[in-house]
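Peer 1: Residue-level listing of the chains:
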Amino acid sequence: MTSQAEEGGKAWIEPMVRQLARPAFQLAMGLVRDREAAEDIVQEAFLRAMQNRRTPHIAEEFRLWLYRVIVNLVRDHQRRRARERRPTLWVTPSTDPAIEAERLIGDQRLAEAIQRLTQREREAIQLRFGEDASYGDTARIMGTRESTARVLVHRALDKLRASLSSQELEEGWRIST
Amino acid sequence: MNALEDRVRAQLLAERQAAAPPPDLEAQLLYALHRSEVPARRAGIFRQVVLAAAVVGFASLVAFGFSRLQSRPAPAGHAIPTASASESASATPTVSASGSVSPSATAIAAARPATADELTAMVGAGKPGAERDLGIRDCGSSQPAPGNDCFAVPSPQRGTIGTEAGYFLGARFGSGCWVYLYHDSGGWHYVNVRCGQATGYAPTVGADDQVYVTGCANTRTTPGLGSPVVDCLPNGTVVHLTNGPAYSDGKLWWRLQGHGWMAHDFLISPA
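Residue numbers (the numbering used here), protein chains in the order written: chain A, 1 to 177; chain B, 1001 to 1271.
By construction, these hints were calculated from the structure, which means they are not laboratory data. Note that this is a predicted model, so its numbers are computed, not measured. By construction, the Cβ of each residue, glycine as well, lies at the ideal position given by its N, Cα and C atoms. Be aware that one or more of the hints could be misleading.
As the list claims (entries may be wrong) - Restricting the straight-line Cα-Cα distance to at most 20 Å, the calculated cross-link-like pairs of lysine to aspartate or glutamate (EDC-like) are:
id, chain 1, residue 1, chain 2, residue 2
1, A, Lys159, B, Glu1005
2, B, Lys1251, B, Asp1133
3, A, Lys159, B, Asp1006
4, A, Lys159, A, Glu112
5, B, Lys1127, B, Asp1138
6, B, Lys1251, B, Glu1164
Unchecked claim - To give a feel for the contact side, a few chain A residues facing chain B, derived at Cβ under 8 Å:
id, residue
7, Gln26
8, Glu39
9, Phe46
10, Gly130
Unchecked claim - Which bits of chain A does chain B cover? Going by a derived footprint, with three or more residues having C-beta under 8 Å, they are:
id, region
11, 13-22
12, 29-36
13, 108-114
In isolation and in its complexed conformation, chain A is listed as follows:
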């Protein structure tokens, strides 16, 4: 007897790919800062989802499960990259010059400050503010407790605040809005 995930057609994955491929790529891209790596990570995450018999088939549960796999794959990728001592690419060139110019004018100092956060703090920030995840969902995706997720987010915000003077905060916000 085969599980639902092992069935040949695997038709259940189709709407998941349709619904989540792009948000998943953007999450991976936000965490890994490398377009090629983000594509590989998203592909690997969906492959694991399809092959794992415990993968939930309910859309919202699947999303959290997929994002958790992506976060774990990003961590693996960062560890490998640290070993290889490859430089981190924070600024990713956009294909649209207008968007790239806006991004650079908008908040490069903040972008650099986020880059100086620890890996787990960046994950927490990305999930909480980039994905608008609740603290509970942030914790589930990160594989930690909700209280830990809250601490990581608040610690990250403290670090960002310390990195930016109050004047910069005001100027940066005016420019970006």
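Got chain A; can you put chain B on it based on the hints?
Peer 2: Then chain B, alone, in the frame of chain A:
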């Protein structure tokens, strides 16, 4: 605190906009998922082969036992069975130990990846027909994207060659597409196209598919309408494709694991 949170949100949103996913991301993913099913299926075939070998080994031992019994003088009053091992074997159906029907067509080649030249010729012959049937234009230098549903052939190009027939991968926005063709002395000729988000909507070698028919669809020992019928599979039967396509009697044919060959028309989802 809120000002900083809002500023972080705005920054992350801008970065998301800058990190636009590839236009054919879904098609790439579905192709990768489709390809990933092949090793799993091979593992299943390996288990079947091991099981078949075990059965054959057991049968050999039984036959050896019978032959030893026959070679011994029969004790008085004790009758030895008259059915020999070879007779038992001859009564075995023609279905092989692995469960597949023995192919009798020697001209059928195993499916293989298309070469670059073959792909160029197939794409040239198949693209216009696919775009016409799908009712979308060629992407040209653009790529499929929201608001730009057009037909493209992802790079690197991928295709498979069977026997005087083949297929290649295309894409429209949100879907992968398989374009089927046959080949004769005049070159490649378009047959049809199917687009979808997962396997099971159109036949490809190494993947599962399902039968689309009213009543049941015949399978035959070799590709061709004159070939003996092996089975008749009802609508919705899930089958595993092991070879094809082969062009015969004006049709494409696919070999189904354990069933023989079925015409292409019964293995594609309704347009």
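Peer 1: Checked against the structure, which of the hints given earlier come out wrong?
Peer 2: none
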